[in-house]
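> Next come the chains, spelled out residue by residue.
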Amino acid sequence: MTVSQLPVLLILLPLLGGISTLFARPKGIGLQRVLSLTFTSALLLLSVYTVSIANSGDYSVYLLGNWTAPFGIVLVLDRLSSLMLLLTAILAIVALCYAISQDTDKKGQHFHVLYQIQLFGLNGAFLTGDLFNLFVFFEVLLLASYGLLLHGGGRLRTKGGLHYVVINLVGSSLFLFAVGTLYGILGTLNIADMSTHINQLDTADQGIVAAAGLLLLVVFGIKAAIFPLYLWLPGAYAHTSAAVAALFAIMTKVGLYAIIRVHGTLFSEQAGGLAGLYADVVLVLGLVTLAMAVLGVFASRALKEQTAFLILASVATILIGVGINTTASLAATLYYLIHSTLIGAGLFLLADIIARARGSYSDRLRAGAPIKHAIFIGSVFFITAIAIVGMPPLSGFIGKVMILEAALSSTFSAWIYAVILLGSLLMIMAMARSGSILFYQVDTSLDGDGEKLNLRAMAMALILVLASPVLVIAAGPVSEFTQSVASQLSNHQAYINAVMSQPAYQGGK
Amino acid sequence: MNLLAFNLPLVALIPFLGAPIAAWAARFNRLASAWVAGIVTFLSLLILMPVVHIPFDNDTLIQSWSWLPALGLDFAFRLDGLSLLFSFLILLIGLLVILYARYYLSPQDSMGRFFAYMLMFMGSMLGIVLSENLIQLVIFWELTSLTSFLLISYWQYSQDARDGARMALTITGAGGLAMLAGVLMIGNIVGSFNLTDVLASGDLIRQNEHYLTVLVLILLGVFTKSAQFPFHFWLPHAMAAPTPVSAYLHSATMVKAGIFVLARLFPVLSGTEAWGWLVGGAGMITMVLGAYTALFKHDLKGLLAYSTISHLGLITLLFGFSTKLAAVAAIFHIINHATFKASLFMVAGIIDHECGTRDMRKVNGLLKYMPHTAVLAMIAASAMAGVPLLNGFLSKEMFFQQSLVATDHHPLSWAIPIIVTFGAVFSVAYSLRFIHDVFFNGEPQGLTKTPHEPPRFMRIPVDILVLLCLGVGMVPVLIVAPILTVAVAASLQGVPPDYSLAIWHGFNLPLLMSSIALVFGAIVYFYREKLFRWHDENLPRVDAKTLFNRVTHGLLVLSGKISRLFDRGSLQNAISWVLLSGVAATLYGFLQFDSPLFGDRTLLDANLLTMVQVGILIVASILTAVMHHKRLVALIIIGVIGLIVSLGFVKFSAPDLALTQLSVEVVTIVLLLLALFFLPQHSPQERSHKRLTRDLVLSVSAGVTVMLLAMAVMTRDYSSISGFFLENSKPGGGGTNVVNVILVDFRGFDTLGEIVVLALAGLGIFALLENLRLPAPLRDIDGREWSHDPHPPIMQTLTRLLFPLMLMVAVFIFMRGHNLPGGGFIAGLIAAVALISQYLANGIAWTNARIKVDMHKVIAIGLTAAFVTGFAAMFLSYPFLTTTFTYLKWPIVGKFEIASAMIFDLGVFLVVVGATVLILVELGKLSHASHSLAQQEKK
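Protein chains in written order, with my numbering: chain D, 139 to 647; chain G, 11 to 949.
In case anyone wonders, no lab produced these hints; they're calculated from the structure. Note that the structure is predicted; figures quoted are calculated from it, not measured. Note that the Cβ used here is the ideal one computed from N, Cα and C, for glycine as well. Don't take each hint at face value.
Unchecked claim - Where chain G lies over chain D, by a calculated footprint (3+ residues, C-beta under 8 Å):
# : stretch
1 : 204-214
2 : 345-356
3 : 367-379
4 : 397-406
5 : 474-482
As the list claims (entries may be wrong) - The list that follows gives simulated cross-link-like pairs (lysine-lysine, DSBU-like), each with its CA atoms no further than 35 Å apart:
#  : chain 1 : residue 1 : chain 2 : residue 2
6  : D       : K297      : D       : K165
7  : D       : K244      : G       : K862
8  : G       : K555      : G       : K640
9  : G       : K905      : G       : K661
10 : D       : K510      : D       : K245
11 : G       : K555      : G       : K372
12 : G       : K700      : D       : K245
13 : D       : K165      : G       : K905
14 : D       : K245      : G       : K935
15 : D       : K165      : G       : K867
16 : D       : K297      : G       : K571
17 : G       : K459      : G       : K334
18 : D       : K297      : G       : K700
19 : G       : K862      : G       : K935
20 : D       : K244      : G       : K571
Unchecked claim - Covered stretches of chain D, as calculated for chain G (at least 3 residues, CB under 8 Å):
#  : stretch
21 : 237-251
22 : 300-309
23 : 538-545
24 : 564-578
Take the sequences, apply the hints, and build the full model.
Next comes the structure, spelled out in structure tokens:
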């Protein structure tokens, strides 16, 4: 039997990309761009292949250093991680092309190195089966994203970035407290092994494990931007460069992924008294987050800020789906996650294009001068807005409806319906207002000083936005896939068995 | 391929495909887009034709494909009598409106946009009426809201158009969302969203405990769309749209979508008391209110808008009666209203076009200027009033009849005919006003141009519609009976009741009611001046738009307040939420279970030395917080804390950690000193007493929580995987220093991640500080100037002498690392300190000239070394980072071990050196640059 190197390759490829762009630095931005594009495209191809491998339903367990679980670090590739990897790779290539087309990467040092390492961190977080290793990748992510957030500089950007990094550093400390406590009680860091220990936990230890588990939820909550931990998000996302904001559409999903993976596995239905410990908390906080996000969307004074709150709203919707905690709700949520990641990123790119076209009026929601290609840009905005607020006939609607249908089994169903539907209404109103101000309410007597439309940049935004109709037309197969992801997730014992029984490689024969 | 197998979806989708073509065609010729729109509509009609016979054969055609099985959403279309009737209305009136609009739009208006929107709307409408699946119906439903937003705001520079569009979208969008919830609940009850199943499950739904919720949610959708009280107010403001839009959307089609759903779900939801009260009540109020208000509108389109509201109320009321005959009357009136109201809107558009205004106080006596149009308008308006021999009369008679019999078991049923007649009186009065004010009543007042007949083809649509009014009114059995019968059969899902379309039913109560309405209507109109005055003086003016704008604005302000109350843009605020959540989550988790906080493991004895250490730690920690205003002092105290922690590591036999802690301590202090230089020297006493208390409570509870967590773990017996590491460190990893073997072997992947973090920190800070120019303070906090001699010779000499020695220590620590305390990380820090002391003592320029290595490259090489070590194993098809080791025997040196992990450790070493030096040198350069900046400014 030979070792499939696929899981580790997905992590090493961007690391190698980072190292080689670092070496290429003296040769100038041109070579760095070529390298960065090459590595990212290769990652996309590899990720597509990965989905096809993972979709067989088998787990690919990879023993780093050839140490078996629970002693060494394992990587686990299943359907969920393959889905996250593919999403990351798609966003990565599109955002990278956008950054290059708008020369964002020339605005400071090391853009491509940071970018590749960011992908290294993301892929690591999506593949690791070890809680401490997840911490390490969180640190990689934090540092890389901090560098990317600040890329290009500026006062508001620096402020937003500072808040981001400090809050996340506090989160890292909490992570260590939580991991330390869990290791102290369970004696292991491997998620599958931890789960086994929790399933046989002495009742005398339940309280302390629950405390650490919920503390861990706070940590992931910071990443995922759950109320009241989301305060870093609006400032950081609204003021960074568009390409980075677009890539960061996946960042909040890392937190959500961690909740699904770690809490879902540790506190599965086999966990006795601890089963589903996190679910109701996540659901209720998701509802509050959605309410706050919608108010933020409504009150935003600029389009990028509004987009940041829309991202928050989509995170909240996903939290609600995770909190309902049934296989059907998870499947619906994952469909919505695919949608919201791609469309959210697309809206960030589009907001940047609009801001550039409006020149000195930028993305502020105030009547401005006429812009060039208003009908074209406006039509794309109209479609994107429909998709992101979840109006028919685009993917946001489909995703939301699936979550709503899954919510009928929840004891909170009335609340879920009320918050999601009223929230949708307020978002519709807010986006109608924004579109109306940006494209209709123009002072025709003024001469605009906006930039010319950058067609290559627009193409990138369009690729993401057009994912929405594609997701609708292919709703059948896509939802079938997310259902298979969810049902694989619900089979916790299979995950544990796969990880714990993976033998070390014994040599060539 | 058989076209007839999928022609229904095509009927609805072809307009969507045609929309971009219409927009594109306008680039060449603006009239081309009108042609495209017409042809597309005709094509849809043509594709529908081959299956038109099916409803007449009492069959239902269903074309269905699986779309999203997880949700129960099929791509499913249905053709029965009801959908056929509505499809005809949509397509035929659509054709007429397109013809009309081609002449209506002025050369400044973009035809491409108009017709593209129009076609999309038409497709959405067809989608609603042809849907078999309820979710698909909701999809098309919301699409009509969206496309009507585009159509109403077509003249985007007008504030009225923008506001009207947003109001319409908000109200109808909200209704659509409610309806979605209702539909999902129906699906949950029935187990399917397909109409075939739903329509067969009437009893199941009506007997379900959630029936009332379902009904209310569905009705919210219906009432908002069909402008029923209290959601009627958006419709008059939607009149800011171009008139063809008003004719099409706001009289003939879109507002009928709500009514369509009433008719569609009639067999499922009707027949209960709740239905009667809600549907009948809303319909009755709307009917009377609309008719009354219409009379007082001076704007022609305003009058027609309220008249539409009133007629929609009438139809709703009929459905509210829940009887089969009432349903017949309702569907009949849908047809009639569509014909006469569309033609009246078109006339209003013609008048607006020709006179430049629609104000009935100005537009008078048009009979002699446009006699042909006047005749058409008078016939249509008479139909609206319910004058015999016209179609409106027939359905109104049926309506009166139903108002008499439908609710005869109800105690309040005697009131219904009276209220209904009251509404009809006003209906006659405003119709009369339309005719008399516009076409008679003297001469036009203050018009800017002389009105005349419109272009011939602009009038043709009106001709056709008015002919229909006459035809249906006089020979209903020939023209309308067949389609009416099948539509009713589909709506009722059964055999239609016996009804008579005769013009003459003899002298009966309905006829009396009609006569009363006509006579009193004329009287009311005659005394209109008085009535107007009374209305203006005594009734409060409620302008829905101002109110709506005020509400939305209030919502805007409120949401801003709430979200900014929570998000103050303050980092301290955010951090306190994080800490609070941490404490709350931990407590909440623990308190859910009835398990003890502490275990029963015996603790170590506390000796004096430990107590002293702990005491220093506590005092130093408190002092750091207290002294944080004096940054330099605080920094020194932090150093004390680091030292005590190192001692703690030594005490608990962790020499590696102690070494690491010490060297990290040195490097961080130097780094912080450099950074301190740029912070303001005086930090303000910003804290209020209240905040101080809050922060104190928060930090103490956070501290206590962490302590309890630690205690809870440490008082419990402990078994972990660490035994494995102790046993396997030597045989498996080739080293006796377990900590180092864990770092480079067992968990080498973590270390790889951590050195990437370190590298990122170096590169990130480099990128941040590049191009940053910060002004440096000229004097220190006590007003002293900076020293003019930054590099004292004694220090220079000493550090240069020490340099090789320090490097030797680094190499020594590195080499022994695998077996004894040490390793790449510590060695890297020591080497970095050696280099930094050179920079400190000799200055950046001097040192840089001698160390020509680019630290970026050092980092890159370090990462490569670590990477390659791990990668090499993969060539032997082992997993990444699999290590190997062997023993070599050299003369003199003797037997020693060489492990692949040591190359990995070398990578760690290089990254640590590179990143640390890069950071410190960049910070140093920054302060150097600021000094010269400050010097320049001084000069």
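> For each hint, tell me whether it holds in the structure or not.
Do the hints match the structure? See the list:
1. 204-214: holds (count 6)
2. 345-356: It holds, with 10 qualifying residues against the three required.
3. 367-379: holds (count 5)
4. 397-406: violated (count 0)
5. 474-482: With 0 residues closer than 8 Å to chain G, the stretch 474-482 of chain D misses the three-residue bar; violated.
6. K297/D to K165/D: holds (32 Å)
7. K244/D to K862/G: holds (26 Å)
8. K555/G to K640/G: The hint is violated at about 60 Å.
9. K905/G to K661/G: holds (33 Å)
10. K510/D to K245/D: Roughly 26 Å separates the two Cα atoms, so the pair holds.
11. K555/G to K372/G: Holds: K555/G and K372/G sit about 25 Å apart, inside 35 Å.
12. K700/G to K245/D: Violated. K700/G to K245/D sits at ~44 Å, over the 35 Å cutoff.
13. K165/D to K905/G: violated (45 Å)
14. K245/D to K935/G: It holds: about 21 Å lies between the C-alpha atoms, which stays within 35 Å.
15. K165/D to K867/G: Status holds; Cα separation ~13 Å.
16. K297/D to K571/G: holds (22 Å)
17. K459/G to K334/G: violated (52 Å)
18. K297/D to K700/G: holds (26 Å)
19. K862/G to K935/G: holds (16 Å)
20. K244/D to K571/G: Cα-Cα ~39 Å, so violated.
21. 237-251: holds (count 4)
22. 300-309: holds (count 6)
23. 538-545: holds (count 4)
24. 564-578: holds (count 8)
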